[in-house]
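Visitor: So the protein lines, in turn, are chains L and W. Under our numbering, the very last position in the first sequence is 273; numbers go up by exactly one each time. Under our numbering, the very last position in the second sequence is 415; numbers go up by exactly one each time.
Since the hints were made in silico from the structure, they are not lab data. Even glycine gets a Cβ: it sits at the ideal position worked out from N, Cα and C. Be aware that one or more of the hints could be misleading.
[As the list claims (entries may be wrong)] Quick list of simulated restraints, FRET-style, between CB atoms:
id	chain 1	residue 1	chain 2	residue 2	range
1	L	Tyr262	W	Gly235	41 to 47 Å
2	L	Tyr237	W	Ile347	53 to 59 Å
3	L	Pro34	W	Glu69	35 to 41 Å
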Amino acid sequence: MATATMTERETTTLVRYRKEGHIAVLELDDPPANTYTHEMMRQLDDCIVRARFDPDIHVIILRGAGEKFFSAGANIKMLNEADPTWKYYFCLHANETLSRLEQTPKLVIAALNGHCVGGGLEIAMAADIRIARQDAGKIGLPEVNLGVLPGTGGTQRLARLIGKAKAIELMVTGRTFSFEEAEKMGLVNAVLPKDEWWESVLLYAQQFTLPNKAAMAVGHIKRSVQSGLEMAFEYGLSLERELQSQLFKSTDAKEGISAYVEKRQPRFQGR
Amino acid sequence: MAMAKIGNFDDWIDLFKFWQDDIGLQVSELKSYKFDVKLGELEVPEIEFGHYKGQRKWPTIMHIPDQRIRDALQNLIIFQGDTEFASVEQQRNLLQNAPSDYDLLSIYRVMAEEMRHGWQMSYLLVAHFGDEGKREAEKLLERRADEHERLLGSFNESVENWLDFFAYTQFIDRDGKYQLQMLSTSAFAPLSRSMKPMLKEESFHLGTGNNGLLRIIKARRIPTDVIQRYLNKWVSTAFDLFGTDQSSSAQWAYVWGLKGRFDERTNAQPADERKLNEHARELYRQEVSGLIERLNQHIPADEPKLKIPSEKFNRRIGIWKGQTFTVDGEPIEREKYKDYVASVTPTAQDRAFLAEVFKERDWIQHKKVDEKEREWLTGPSGGSSAN
Numbered sequence: 003m004a005t006a007t008m009t010e011r012e013t014t015t016l017v018r019y020r021k022e023g024h025i026a027v028l029e030l031d032d033p034p035a036n037t038y039t040h041e042m043m044r045q046l047d048d049c050i051v052r053a054r055f056d057p058d059i060h061v062i063i064l065r066g067a068g069e070k071f072f073s074a075g076a077n078i079k080m081l082n083e084a085d086p087t088w089k090y091y092f093c094l095h096a097n098e099t100l101s102r103l104e105q106t107p108k109l110v111i112a113a114l115n116g117h118c119v120g121g122g123l124e125i126a127m128a129a130d131i132r133i134a135r136q137d138a139g140k141i142g143l144p145e146v147n148l149g150v151l152p153g154t155g156g157t158q159r160l161a162r163l164i165g166k167a168k169a170i171e172l173m174v175t176g177r178t179f180s181f182e183e184a185e186k187m188g189l190v191n192a193v194l195p196k197d198e199w200w201e202s203v204l205l206y207a208q209q210f211t212l213p214n215k216a217a218m219a220v221g222h223i224k225r226s227v228q229s230g231l232e233m234a235f236e237y238g239l240s241l242e243r244e245l246q247s248q249l250f251k252s253t254d255a256k257e258g259i260s261a262y263v264e265k266r267q268p269r270f271q272g273r
Numbered sequence: 029m030a031m032a033k034i035g036n037f038d039d040w041i042d043l044f045k046f047w048q049d050d051i052g053l054q055v056s057e058l059k060s061y062k063f064d065v066k067l068g069e070l071e072v073p074e075i076e077f078g079h080y081k082g083q084r085k086w087p088t089i090m091h092i093p094d095q096r097i098r099d100a101l102q103n104l105i106i107f108q109g110d111t112e113f114a115s116v117e118q119q120r121n122l123l124q125n126a127p128s129d130y131d132l133l134s135i136y137r138v139m140a141e142e143m144r145h146g147w148q149m150s151y152l153l154v155a156h157f158g159d160e161g162k163r164e165a166e167k168l169l170e171r172r173a174d175e176h177e178r179l180l181g182s183f184n185e186s187v188e189n190w191l192d193f194f195a196y197t198q199f200i201d202r203d204g205k206y207q208l209q210m211l212s213t214s215a216f217a218p219l220s221r222s223m224k225p226m227l228k229e230e231s232f233h234l235g236t237g238n239n240g241l242l243r244i245i246k247a248r249r250i251p252t253d254v255i256q257r258y259l260n261k262w263v264s265t266a267f268d269l270f271g272t273d274q275s276s277s278a279q280w281a282y283v284w285g286l287k288g289r290f291d292e293r294t295n296a297q298p299a300d301e302r303k304l305n306e307h308a309r310e311l312y313r314q315e316v317s318g319l320i321e322r323l324n325q326h327i328p329a330d331e332p333k334l335k336i337p338s339e340k341f342n343r344r345i346g347i348w349k350g351q352t353f354t355v356d357g358e359p360i361e362r363e364k365y366k367d368y369v370a371s372v373t374p375t376a377q378d379r380a381f382l383a384e385v386f387k388e389r390d391w392i393q394h395k396k397v398d399e400k401e402r403e404w405l406t407g408p409s410g411g412s413s414a415n
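Just chain L, same shape as in the assembly:
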């Protein structure tokens, strides 16, 4: 049973939460490979909710601790010790956690500081944008090699991101590949040089925070895409209209137009 392991881990911080200005940094921290357990998922869930409720947070960055791994996925030892029913609820909770991340109307960036495989990639795919560190590791969904499938949303999200045919090929072969190849197929948005990589990721994220960008508009765009794509087209359009209607009433929309007329950059307030 996995219960004993969980109890020991309940006292350990497995997801570190810190604020960098208007950015919440969620760091998966379980050496050596930042594999996730149920406890880590629960802590991740708590951190997501915490960032959601904090009006001062506009962007969430997920990263792994250290330099070698973003996350190597689910903790195999834990899975090996658990019974099928426990594993089912473990997967269900992980799905709910990642859906919560996906539905949070704040931009989520997965900063891939190192290897990002299996469940690690499944977590990263629930983010809106993925930025990798050059030559930092491999990426892929090799679960088939263990006789299972990518069961934390992997089969669904990978196919939505890169298309059915390529997604199936990658998952049935279990091939892991470079971040550069992932960038070419659209799975990773950008690969940044390893020197000053983290500073570069933070700088990139800062552009989506106040006062640089209208944070509410950024959040609504994300929500319109993430939620709208899962609906019938006309319902997606309806969601888009409703979100736009809220933005039309915002102070930030007025500021955007005023600034343009006055030849200055807008100073958004998130209202």
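Start from chain L and add chain W according to the hints.
Guide: Just chain W now, kept in the frame of chain L:
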């Protein structure tokens, strides 16, 4: 926009070699020059002015928070790159009739470094601006000065002889110094880092122009009034290069931190964002006035002195555009203006006179090539560093 033919910078280099052949650069010394991308240290890591002042400079375009800023930045790089290749097209016909080995070496160096500057701008476009940047880097090699296709007026003018060349490097390359200096404080780190090596190289070009005019004056074979007409030709178009008055695009480039004032790091006064081009043009005018005064010190007292033409004369951009003024800034009737301009800019008689004078060796004070200058061409410390 048409699809880019090139996939990476190596592909662009192939196009560059084709361009060299196409414009007739057959000189072996130029073709053996090893081109290189040079990035200096980031002297100031934070954005130095404008809305984003104090934030870290942007290392890539994905860090730039507004598409309008990315577009404006790309345009600045395109315009800079266009001038670099244009100047080589304008000067290439002078390689066959250099007055001395020293001058031949100087023009080699000027042309090679202008091409390197174009290379540098093309690299930024290819490396940072995706397919659109690649296509624009191609177009830098497709437009031709001879066909009047270059983006700025000065760079479609012809450089016909060596007096033209010295006036060009003195006044047009000096404008280049201003543009490079203004970009050296850019919020886009790769552009800012490109400028210091370029400015260092550009200073040789300005020196070539100033020194060449001085040597001509000292030789006393070409009358001052002929030299004056070449000054009138280039200074008026150099004023145009600073852009329109009360320019919106200059204001936005400042607000966005892309292009500062020439004296940005030393000027404690807040910028007048509505008059940025005027400010740069006035600094340039003052610098050129001083240089002309120094040249005048070598003209005998009983001969006419050189003077800087008025900012109002022969302008094609700005508030004086299309208006009719003399070189002294006095109004002149429109019906007389065309003939007047023809009389105060290089004439057919000037060209004929110069063609005869250039057959002799004594129209310019001669200067020997020293070892330091020769070393530039053969390496290791100069521009011919390994690619």
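Visitor: A separate judgement is required for each hint: does it hold in the structure or not?
Guide: Right, here's what the structure says about each hint:
Checked against the hint of 41 to 47 Å, the pair Tyr262 (chain L) and Gly235 (chain W) passes, with Cβ atoms roughly 44 Å apart. A beta carbon spacing of about 56 Å between Tyr237 (chain L) and Ile347 (chain W) agrees with the range 53 to 59 Å that was offered as a hint. In this structure the hint that Pro34 (chain L) and Glu69 (chain W) lie 35 to 41 Å apart at CB holds, the actual value being about 37 Å.
Hint violations for this structure: none, all hints satisfied.
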